[in-house]
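Engineer: Combine the two chains into a complex, taking the hints into account.
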Amino acid sequence: MSDATNADSPDDPMMFLDPHVHMVSRTTDDYEAMRDAGVVAVIEPAFWLGQPRTSLGAFEHYFSMLVGWERFRAGQFGIRHYCTIGLNSKEANNVGLAEDVMDLLPLYACKEGVVAIGEIGYDDMTDAEDRFFHEQAELAKELDMLVMVHTPHRNKKEGTSRSMDLCEEHGMDPSRVIIDHNNEETVEEVLDRGYWCAFTIYPETKMSNERMVDIVQQYGSERIFVDSAADWGVSDPLGVPKTAKLMLQRGIPEEDVRKVCYENALTAYSQSGQIDEEDWLDPPAIDQRQLYGGNSVLRGGRDPEVRDPDERRHDNLIID
Amino acid sequence: MNRSRVKELLSEWLGRVAADDGLDWLHEQREEIATGAPRRTFYTSFSAVTRYIDKHDLNLSTEDLNAADEARSGWQPVNWSADQAGRTLIVLSLPHENKDEYLHVLDRVFTHADVGESVALYQALPLLPYPEAHRDRAAEGVRTNMTSVLEAVAHRNPYPAEHFDEGAWNQMVLKLIFEGSPLYPIHRLDERANPTLARMLVDYAHERWAADRSVPPELWRLVGPYAQASALDDLERVLHDGTAAEREAAALALSASPVARAETLLQDEAPELKQEVESGSLTWKDFQEKRLEAMA
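If you're matching them up, the sequences are chains W and L in order. 1 is the number of the first residue of the first sequence in the working numbering; add one for each residue after it. 321 is the number of the first residue of the second sequence in the working numbering; add one for each residue after it.
Heads up, some of the hints might be wrong.
[Claimed, not checked] Have a look at the derived ranges for each label pair, beta carbon to beta carbon:
hint: 1; chain 1: W; residue 1: H61; chain 2: L; residue 2: D456; range: 53 to 59 Å
hint: 2; chain 1: L; residue 1: P358; chain 2: W; residue 2: R250; range: 54 to 60 Å
hint: 3; chain 1: W; residue 1: M65; chain 2: L; residue 2: N379; range: 28 to 34 Å
hint: 4; chain 1: L; residue 1: P451; chain 2: W; residue 2: L56; range: 40 to 46 Å
hint: 5; chain 1: W; residue 1: W232; chain 2: L; residue 2: R359; range: 31 to 37 Å
hint: 6; chain 1: L; residue 1: P515; chain 2: W; residue 2: W232; range: 32 to 38 Å
hint: 7; chain 1: W; residue 1: V234; chain 2: L; residue 2: K419; range: 48 to 54 Å
hint: 8; chain 1: L; residue 1: A564; chain 2: W; residue 2: P253; range: 54 to 60 Å
hint: 9; chain 1: L; residue 1: N379; chain 2: W; residue 2: S270; range: 40 to 46 Å
hint: 10; chain 1: L; residue 1: Y504; chain 2: W; residue 2: L56; range: 39 to 45 Å
[As the list claims (entries may be wrong)] If the Cβ cut is set under 8 Å, some of the chain L residues that face chain W in the computed set are:
hint: 11; residue: A357
hint: 12; residue: H432
hint: 13; residue: M466
hint: 14; residue: S468
[Unchecked claim] Okay, the calculated bits of chain L under chain W, using three or more residues with CB under 8 Å as the criterion:
hint: 15; region: 337–350
hint: 16; region: 360–373
hint: 17; region: 516–530
hint: 18; region: 565–579
Since the hints were derived computationally from the structure, they do not count as laboratory data. Glycine included, each C-beta is placed from N, C-alpha and C at the ideal position.
Here chain L stands alone, though its shape is the one from the complex (with noise of 0.2 Å):
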């Protein structure tokens, strides 16, 4: 990671959206802070950010977003807002040298943070020196109650996918689910794909039937690669029961099974999705766009 990069481009979109008088703050707090000012102001100004900087979206542009890419591999910044820059620039500022030191006052932080600093921090993760010393932290956020802090973990950040073990990535996967929020924002999410979170998963759905409720239709794109067997059975009671945008996501699953029943199952229950799927005009990305962006 190129983490001066990363300083550059959070300081370019902030000059875009905030005042002059919050820029000045802003950066004579990271001076004061970079140059060893005292703990309580590293404190102090990262909560203070909102009180000098609006609360504005910074609204990237596609080349924007490539240019973070570049910086750091993964790094999606879409929904950041200028405070939340501010305060990654000053989390950023703080000296590092001294790794305990450092890993001490990061966990102060984290454990005095409100909402907004939550998530500004879980999102700054992968932007942090020590990477492989924030696991912990990272899967406590994943534990949160609080959608947006759990989602600043998930959502369009490579932490997870560079650190957690198998076990942390299914609970992460499975917490969402259990939430209502969305797969697809998750980075490398078919990569990190398992056939024990397809198997929970599949539990999941049983439970949600038992229960009279309705089973988010994300979720049989992680279970499609693993599907054999009973998996298949529920899949074909989708295709059969389901409404449109279940039926579709249930399609996209069978055609990712390697089990040579399951093309069978889409040739007879839903021809015409199996040759959407086929063509390529029924893709996931297409699904997440149709689907799940415009309930969003």
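Next up, chain W with everything else stripped away, as it sits in the complex (with noise of 0.2 Å):
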């Protein structure tokens, strides 16, 4: 994998950032072909599990392990990870529940590493989703925050403009709103619209990396990033490097799949003040100490802590 995206300039291998995906839910190997790949930071949204929580501890610790267990983790693969913290719009409808989240929402939100409020949205645009949809984006106003907002599957393209018409309402500038989930119908709005417009690489129900290579080639490369969104389901975290990978393939200049895949998500996260480049290539010694036990993350992929991929891949069933 690393080795086609990097033909061209062996000595500089790209570095990927996937600004969507739900690692509590991934495993270790995935940790290290995601570093193998050349993916130097994730950002990790606020989701569910799969089934609703029922309680108010279920989400706390869920928070917790975000910014707590998951980061740690994340660093021994030489991994950088940041969050986003939110109340999602399947659970918003357990309204009870809800309020108690609401309550919760302010003691992460300020937490280092935490980029944005999300995901909110709307899932089946009920007046609960609604009404936390309002409330997260005034949080957000309060705090000065970014708003990462998750699209929903049905009815999208309504609700895709229902959402960004909700952020307008709160006088949220477009340039601090990442709409994610798009796809062909969705795409032309949110980029005239001023917003950042992320797509989901999920193969049975989002986005292909084909259709992703396509996209590209009619609106460019600007306010326009991509992410895998992995997680328990059917899912690659491997979506934005292989997605990089079929883009150079087929002829998009490697400056334009380096802001995709790359570059423009982290400008859209980097107004959050909490994900800096520096993060990864330079960090700060308390950070080697705490995140990497004593080692730094070595830029782009260069020699990884982790044992030799390419021993271990070729035949998956050695035993070590």
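Structural biologist: Structural data, given as structure tokens:
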């Protein structure tokens, strides 16, 4: 994977940022594969877990995990981990619990490495979803934070328009809002209205690598970026590097690939002040001690501390 | 402990590395919290420290560390960073007249802590009021799999030596060994050595050998004073087959054994090391500097 992507410039391998991936559901093999493929940082948006939580403690534990254990775990593979904090639209429908979660959010939203309030938005577009979307947009304004919007899988086009209407109703600057899970039907409006337009490479239900290449060919590389949203479903944590590889093969200039698979997401989320290229290129000593066990994260996947990937991957049945 | 001196020192050290606007912000937050601001102000400013204060290391001098030890015996903020000092100052400004209320707020902030915050909180344990009330929390910190958090409890922290019973102490030492963390930064390490711990460590060494894995040489430091019979056989094996570092550790351990056979064994297997130990040119401190710190 990394060989193909980096064929043109072996001395300066491409770095990738996966700005939407649910690592709590992924294995250490995934972390190793991501690191080998050049993923240097990930953003993990707070979402649901495949079935609704039934108590506040479950949310509390989940948020603590995002800023604690998962952040540390990623560091062990040389990957820098960030997150967004928010009440997702599906679980907004349990109103009593949702109200309690709203009280919890400010405790986590201001933590280091929390780059946005998200993923929030609509699922079925119920009244409860609407209410908590509004309340969290207000919270983001109050805390001067970015917003990351999950657009619905059903009735997507209307849901996407309405999400942007809602953000504008709260006086948000579109350049501080990331609209995610876009497709061919929503891309134009999202870009025209000035928002960051993210695409999720999710094999069965969202966007494929192939379609993504077509979109970049048609709409260019401004304010567009790619993520994997890999989670507990059939999904691919290598969605970003694989799409990059395909784009290069299809003749999209490396500079555009770099924007769509690294730089744009970084520019968008760095407005939070909580993510910076220096975090993985030249981390402060305290981060090296706390997250990486004294090892620095090496630039662009060179000499990763993990075991030799070639040796492991050529034969999945090697016993070590 | 002279808590106001602790705060003075932290402020002084922070003043050397932090920018003025960050220091102003911190001052304001501390005032508000100390004068009864809502809990939310405490939680959010504790988290927000890294937004105002850069994460430089404090790089404390020997004089600074002596002053720390004077203000609070055993306090060794060797690896502290500016944000950590800022967070500690915020925690130290929390009113604590009402014990239940104070402990509740502290419990919440621990529960919600991220990696850096956890490290700051555990390292601040020896500076907090109601020290006996944090025992379970500290033991909980030892159970973590985040090495940096574990080390925040165990390394350069006088709290465990002062408050852990033997069971909690032994688990802490074993967990460090298991995680591959060094033992030498543990406060009062030799003083708290005990026969149960020595036995647990020998068992651990046997497990490692059974799996054809290496045994961290530092382990023998806590076995030595209680080494008899079969533990002496183990140390003999290390002297025989070990690497240079392992042999040094075994020699040091044997020299601490009260049993006569230990001395004979050392004389027979490694007379040169015996001499080094006796002349004082090989100590655990040398071992730490030469063999362990060099690796870190």
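Engineer: Determine which of the earlier numbered hints do not hold for this structure and return their numbers in increasing order.
Structural biologist: As far as the earlier hints go, 1, 4, 6, 9, 11, 15, 17 and 18 are violated by this structure, in ascending order.
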